[in-house]
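Asks: Sequence:
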Amino acid sequence: MAAFPWHARSRNYVSESEVCKLESVSLDFGDYHPLKPITVTESKTKKMNRKGSTSSTSSSSSSSLMDPLSSVLDGTDPLSLFAAAADPVTAAPPTDGTRRKRDKDESSAVGSDFEPWSSKRGEILARYTTTEKLSINLYMGSEKGKTTTTGSAVSEKVRTRLEELDDLEEGSQKELLNLTQQDYMNRIEELNQSLKDAWSSDQKVKALKIVIQCSKLLSETTVIQFYPSKFVLITDILDTFGKLVYERILSMCVDNRVSLPGNFSPESVNDTAKETCLNWFFKIASIRELIPRFYVEAAILKCNKFLSKTGISECLPRLTSMIRGIGDPLVAVYARAYLCRVGMEVAPQLKESLNKNFFDFLLTFKQIHGDTVQNQLVVQCVEIPLYLTLYSPAIDWILQCIAYHAPDVLLTEMMERCKKLGNNALLLNSVMSAFRAEFIAARSMDFIGMIKECDESGFPKHLLFRSLGLNLALADPPENDRHQILNEAWKVITKLKNPQDYINCAEVWVEYTCRHFTKREVNTVLADAIKHMTPDRAFEDAYPQLQSIIQKVITYIYDFALLFSVEKFLPFLDMFQKESVRVEVCKCIMESFIKHQQESTKDPVILNALLHICKTMHDSVNALTLEDEKRILASLINGFIKMSVNQLAMETRRVMKGNHSRKTAAFVRACVAFCFITIPSLSSIFTRLNLYLHSGQVALANQCLSQADAFFKAAVSLVPEVPKMISIDGKMRPSDAFLLEFLCNFFSTLLVVPDHPEQGVLFLVRGLLNVIQDYTWEDNSDDKVRIYTNVLHLLSAMTQEAFIYHVDKVDSNDTLYGGDSKFLAEINKLSETVVSQILDHLKTLGKEETVKRQSQLAFYFFNTILAHGDLRNNRLNQLSVSLWNLAQKHGFADTKTMVKTLEYIKKRSKQPEMSHFTDLALRLPLQSRT
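Per my numbering, the sequence shown runs over residues 1195 to 2124.
Do not take every clue at face value.
Heads up, simulated DSBU-like pairs for lysine-lysine below, C-alpha to C-alpha not over 35 angstroms straight-line [stated by the list, open to error]:
1) K1437 - K1327
2) K1550 - K1477
3) K1925 - K2023
Distance ranges between label pairs, derived from CB positions [to be verified]:
4) D1695 - S1313: 23 to 31 angstroms
5) Y1752 - S2030: 56 to 64 angstroms
6) E1972 - A2019: 32 to 40 angstroms
Source of the hints: derived by calculation from the structure; they are not laboratory data. We put the CB at the ideal spot given by N, CA and C, even for glycine.
Please put together the full structure from these sequences, using the hints given.
Replies: And the structure:
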């Protein structure tokens, strides 16, 4: 097709702006305001809304406006109506008795603020391990256990049950020796599965024997350092057994397919279920050995609910007393922990029994340091500090249960009882681990006094100070005590010789220091950490703790001017010499900077440090780096460039009011140069494109014209590299929409970019058009034509005597060329080429499967001519009519849009010098879609 001439209309942007302004009208709102909430009140009259239903008339108390939602729903949403109809019990108003019972149940339940046992399980299994060989007794089964009793006499049943239980103790087990820890855990899991299999095959006695056998294992302490983990594994089996028994009895209570409610009473339990429940308790009472009898009964403690309202409250004291018969203090304390565990699950309101359990433990606490235990430790070659740590999970759990929602009076009494005991470091540590942080923090000096009196040989004091520090990270101590607390703690911490012990304590107390003190104290702590961790490269074994310290410091000191004034902060970073860890720390620092740094900075120390951090992140990228990791690093570097370097340049421009001195001009050019050499290192191509454009705009605003040209050229040369698909949030998506958005922004900038004296007219626009022409577009995409249409907008704006916007102190082409005829001729020549490309593409869309796209593009181009073209030109006027008709030709045009467009043209025709729009409107018919 031959070139089609383009004639842009002359624009007076000032007058157009005045015409388009909204008319100002003074309004008296009175009490009405559009953001004021409408108060809906229900009237007393009712009216029929639809058959079988009624609705109320609602009104606004302020404006008398009807609320349609309230009028339809009668003040009640349909979901509530449905729920009320489905549950008549719920719909009925609760009686006083029901309400009191419900309130009592809710108050006695354990809330989400109580840390469950399941959260501690993994930590215990990971911490208490062994390399020594273990042994286990496996149940082998017997024929007696598989037979069923057919007699009906009660005495015969009892005799048979006793024989079945005796069978376990008379040799139906096999001892496996020399097991590794993993083998032992596998065997325990086999027993757990055997229990489930026996239960599912209705071999209830066999299941009970397995549980008894497992419980016996808790009396063995031959490999004492593994005992806490063994306790976790065995009690998992006990929990499974208790759940199976409870659910079995509960299933027997189903009457007419209606199961018992959650808060059932014993009176609603049928006789069959009660007899079965008693049968289980009788079987367990027949177990001869104390430890298995205690554990198995505790496992089914909840089943007492089927028998009596007071069953659980009566059993808990009895089970507590049973533990007094266990001689080994370690075995006894874990039995107490299990009783507290099941007690909190089934009856958390019975705190008195839990308190008695703990006070019993205090009475026997001296056994821990007795001769029997000492001899046992000598045989197993276990040191007393290690032995004492075995008690921590059990005592911590017992105290957590007791301290949950306990009044301060009770906690104070317990603390005083612990204080009276000798060698009480173990108890003191558990108290600080279990009690509320606010309780501990308020009495920090009291606890420090108790710590100082503890015997160092039994339980290390640094662990006590660490526990205290964990509490002070959650709650604030009295303000007058804060400095003394830090001094007392750090006296002990700084004397630690073992680097691992030191860093475990320092990590905790760094947060306390950052929360309550100035950079001087923080600097002192960091300097002390460097002193302890540098010799023999001890820091290599403490990277997690060192990372934690950095995280805490930048959490509380997020003003980077203050942060980098901490003298030892940068030397502390030098200890991160493992690349992967160093990169994670750099990411952490940059995330904090981007999040918190609101104002630009000119501090050379900060800029140099952050540039080094960005370089570290950039240099870590290699062929094995994951795409997600690359994207994160690129985003952080990108954020620094946008926030720091470009912002620095613009801040300098603001300070100098656009009139740079020699020094500020050199500084701005340095910033621009840094961006230019850094952007290519980013992986995301659209991040690079947008940063080239953004940095070019910054350079232009600072009168760095040659640097701006360099950025824009780089952007033009990068466009051909844009892939067809890009990854967005881990999913591959077409890139056309992102490229279209970028190019439209680019065109808006190119309007004010002056031509280079040594380059041709509009050299950047021509270069970009060539790239767009050569780019391989999708066959079903019209983005290329949409881009060409936007180019027409740009070229039309360039023909005006004065551009619509400018960059301060930068002469654009309207000033440089001054409306020169040769310049305008070049623009018209480019415009003709672009119009021809658009028309050629429209012709290719004449096929049946593409006529809808043709209709949309024709109307899009029509609007471009309407806005930017000079329709006094006959050929352009005729082209617009043809496009209008083409848009409606196949019935795909939106009738409402076409009508509104025609109304707009008629309205425009009434404006001065727009009379030709009247003739145009007469030539634009509206075709019916039928």
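Asks: It remains to establish, for every hint, whether it holds in the given structure.
Replies: For each hint, the structure was consulted:
no. : hint                              : result
1   : K1437 - K1327                     : holds (32 angstroms)
2   : K1550 - K1477                     : holds (27 angstroms)
3   : K1925 - K2023                     : violated (42 angstroms)
4   : D1695 - S1313: 23 to 31 angstroms : holds (26 angstroms)
5   : Y1752 - S2030: 56 to 64 angstroms : holds (58 angstroms)
6   : E1972 - A2019: 32 to 40 angstroms : holds (35 angstroms)
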